[in-house]
Every structure is written in C-alpha cells, then in structure tokens.
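Undergrad: One letter stands for each residue in the lines below.
Protein chains: 2
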Amino acid sequence: MKTALLAGGGSYDSNGCFSIKHSFYDYTIAVDGGIHILRELRIKPDYFVGDMDSNNLFLEENGAMYLLDEDGNKTSDVIIEKLEPEKDLTDMEYALNRAVDLGATDIELIGAIGSRMDHSISNMNLMKKYSRVFDSISITDGMNYILPLVSGLELSNMISYTMSIVLSEDITNLSLKGFKYEVFDFDIRAESSRLNSNVIISNQAVINFSTGSGWVVLTKE
Amino acid sequence: MKTALLAGGGSYDSNGCFSIKHSFYDYTIAVDGGIHILRELRIKPDYFVGDMDSNNLFLEENGAMYLLDEDGNKTSDVIIEKLEPEKDLTDMEYALNRAVDLGATDIELIGAIGSRMDHSISNMNLMKKYSRVFDSISITDGMNYILPLVSGLELSNMISYTMSIVLSEDITNLSLKGFKYEVFDFDIRAESSRLNSNVIISNQAVINFSTGSGWVVLTKE
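So the sequence lines, in the order shown, correspond to chains P and X. The first sequence maps to residues 0 to 220 in numbering that gives the first Met the number 0. The second sequence maps to residues 0 to 220 in numbering that gives the first Met the number 0.
Because the hints were derived from the structure by calculation, they are not lab data. Bear in mind that the values here come from a model prediction, so they are computed numbers and not experimental data. Each hint should be verified, as a subset may be incorrect.
Because identical chains cannot be distinguished in the list, a pair is counted as satisfied if it fits within a single copy or across any two copies.
[Unchecked claim] Straight-line Cα separation of at most 30 Å, DSBU-like style, residue types lysine-lysine; simulated pairs: (1) Lys176 / Lys86; (2) Lys128 / Lys176; (3) Lys176 / Lys73; (4) Lys73 / Lys20; (5) Lys179 / Lys127; (6) Lys86 / Lys219; (7) Lys1 / Lys43.
Start from the sequences, fold in the hints, and give me the full structure.
TA: Given below as structure tokens:
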C-alpha cells in the first residue's frame, strides 16, 4: 500500500466531520491552489503541479523553480512541475497520472469539490475513471465524503451517517443492506431522486448492483 | 410561456455574475429552506413545499397552516403543501411536479446546488430529467449557471464566459462552434476532463452532438 494525498483548489474544512485518514502520506501533491490547503494543514508537498499563476509562491533562480514558504524562504525537496495553462488535461488529471507513475495505490483527494461546479463534477468523474487504476480513491471537503460507485462496496463503522447515491448511469439489481431504507434487486434510472438521504444503521452496510455507475455521498445531518 | 422560479435550500448569491432572469414569475415555489433565499430577494412564494421542519416560519390555526413573515404575521395567499419527511421523492422533485401541474413551461432553479454534494448532483440530475418536460430549465447559484445537455444547444450573447461541459454519459460527434477551443465530430468519454474551461468567443456559440448527456456549466473567471 502506498498512500497519496492530492490537494486541489476547491474547499476543505479541517473542522468538518470527515478528515484525511493518515498522519503521513507516501506522496503528497499540491495541485495549483491546493497548496493553500496543505499550508493550513502544515503538510509539505512532495510535488507541486500547476500553471504557477499564484503570485508570491514561487521563485525562479538560475533556471530552477522553488516553492516559497510563508516567510518567503525557499522550500527544499519539493518537485515543481509547471504545466502549460492551455492543455488537454486538467491539473488534477495530470496529478492523478503523476500518482500512477509514482506507484501510489490509495488516493485521497481534498480541495477537489467547491464552489466551481464544473471543477467539482469533473473531479468526481476523474475519481470514477481512476478508481479502475488505484486500489482506493475518495474525495472529501470535510462536509462530504464521496466514493466512486462503479462496483459493489461496503461501508464499515459509519453508523448514523447519511448516505445518498447519486447516479450518472441507470443502475440495475441494486441491493442496499444495513441502511434504514433497504432495497433488493431494484432497477433505478440515473435521473431519479429516490436514492437520496438514506441512513446507515449497521457497522457493515453493503451496496450491490449489476450495471450502472455513480457516486456514494456520505454526510452528517 | 409560463415562468416558474423554484428556490431550494442550497446557495444563491444575488451579487454573483448570474441572476434570476425575470422581475416577476407566473409561479414561485419555495422548497423547504429555499424560503430564506426568497425572503432575501423579497419575493413572496405562491407555494411552499416541504416538511415544515424549519422553526418559527409557520403557524397552525384551526387546522390550516400559514407561512409567517419576518414580523411573525400570517402571510396570505401562500399555498402550503406539507410533505412527509420520509418519502420516495425529494422535496425538489415534488416541487417540479407541482410546476408541471400548474402548466409552467420555463423553469429557473435557485438554491439547488450548494455545500451538500448529494443534493447538488441530485438536483442537476432532476434538471436533466425535467428538461424533457419543460421548454427550458436552468440552475444558478449566482456563480455557476448550469444547463442540461441532453440535445444540441445555442448560447447567445455570452461572450467571454467560461464554458465547461461535464458529462454523465459518453458523447459522440461533438461539435463546438463559437468557442476558443473548437472541435468537430469528436467522441469523448464521460470521465474525461478535456471539456473543462473553454471560453465563449461568439455571440452565437453552438454545441451539437449525436448521443450522450451531461451538463453545461457557465462561470466567469
């Protein structure tokens, strides 16, 4: 297992009901504005990936680029990858590819959702895509804890959390066990609002289905 | 044309770059916590739909339910529909069905996205579903203006706005005209991040495609 924490330019409330899982990560990648979240968490990134348009954060010296700390001092051991502002992939997808190259297996994304809905949904889509590459991947902003729903999954030790399933594709043969509202062998259209606001009532809550995809969103009311 | 404004319990910043389109609506529906947004906008709802768990907003008198104004006075002419807290449809879907019954044709949703990602995506899915029923439907929170992408569409007089396409289903034969980055007859997977952050450069920007679906998110950088 090799853990990686990727911080994007969205929201992260460290006083929320969900926090990052580990004290240390094998790899930490700041994605553009995500550097501010890492600074607040006092986590020094191993990599900085972005188009460097944030002022006062970088120093170019003898052709090399350095990340500056709060006092304006050069930070050593941070590998900086400057991306072109105009490119096909988003900075977050670039960072996910870097995590793949590094051999990371378990990924946590923070600052991946926020007020920009295009970035939020794009990152949720990326999480689905990269769930086929990594052993685990999740997004949290402190308030929401989001998992890709591309195959059956088990939610352990999360009693009393609110659990919504939001879909991107129609789902077939859905079964929910360990929830307040259970269903068995249930087909549901992607655009339905029926799977919102369920509650976990068992230490082993299980979601199973045959085809379809979407996301599981956990919150606390 | 019969316009309807539906306000949910999410975010709406009336100082943002997108605002509601009309001064008056044929029908205005407050959906639960959305009543607070309407109060701020000084718009009296025609309908209040919700489970009435917001304190100090209602008075029950002789079996009738009244919405109270800021001074605690009964508001007349507001039809109150109390929903069971435990039900299959979300309050927003109930309100959309009410708008259908009323004969509304052009729908604007505010307070439909916000910090709760399950509610946000659920409402974006509902917008897609009901785009087949209404002539037009959109979501704005002031910062984002979101349209369902279920068939080709034209964006008029929006030069310099950032336009992202986020998909729920793979799209085929996509053509973008009037944007900084144009494509022609392009197939793209739902989970790709390639269609993020385009810019409108023509008064008539046009999106066309054969199959697939998702959303268009407009923002201002």
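Undergrad: Work down the list of hints and note, for each, if the structure agrees.
TA: Hints and how they fare:
Proximity of lysine 176 to lysine 86 under the C-alpha cut-off of 30 Å is restricted to the inter-copy arrangement: shortest distance 19 Å between copies versus 44 Å within a copy. In this assembly of identical chains, lysine 128 and lysine 176 lie within 30 Å of each other by CA distance both inside one copy and across copies; the values are 26 Å within and 28 Å between. Taking the shortest Cα distances, lysine 176 and lysine 73 never come within 30 Å of each other, neither inside one copy (53 Å) nor across copies (45 Å). Taking the shortest Cα distances, lysine 73 and lysine 20 sit within 30 Å of each other inside one copy (29 Å), while across copies they are farther apart (50 Å).
Taking identical chains as interchangeable, the C-alpha atoms of lysine 179 and lysine 127 lie at most 30 Å apart whether they share a chain (26 Å) or sit on different chains (28 Å). In this assembly of identical chains, lysine 86 and lysine 219 lie within 30 Å of each other by CA distance solely across copies; the values are 19 Å between and 38 Å within a copy. When the C-alpha separation of lysine 1 and lysine 43 is checked against a cutoff of 30 Å, the pair qualifies only within one copy, where the shortest distance is 17 Å, while the shortest distance between copies is 55 Å.
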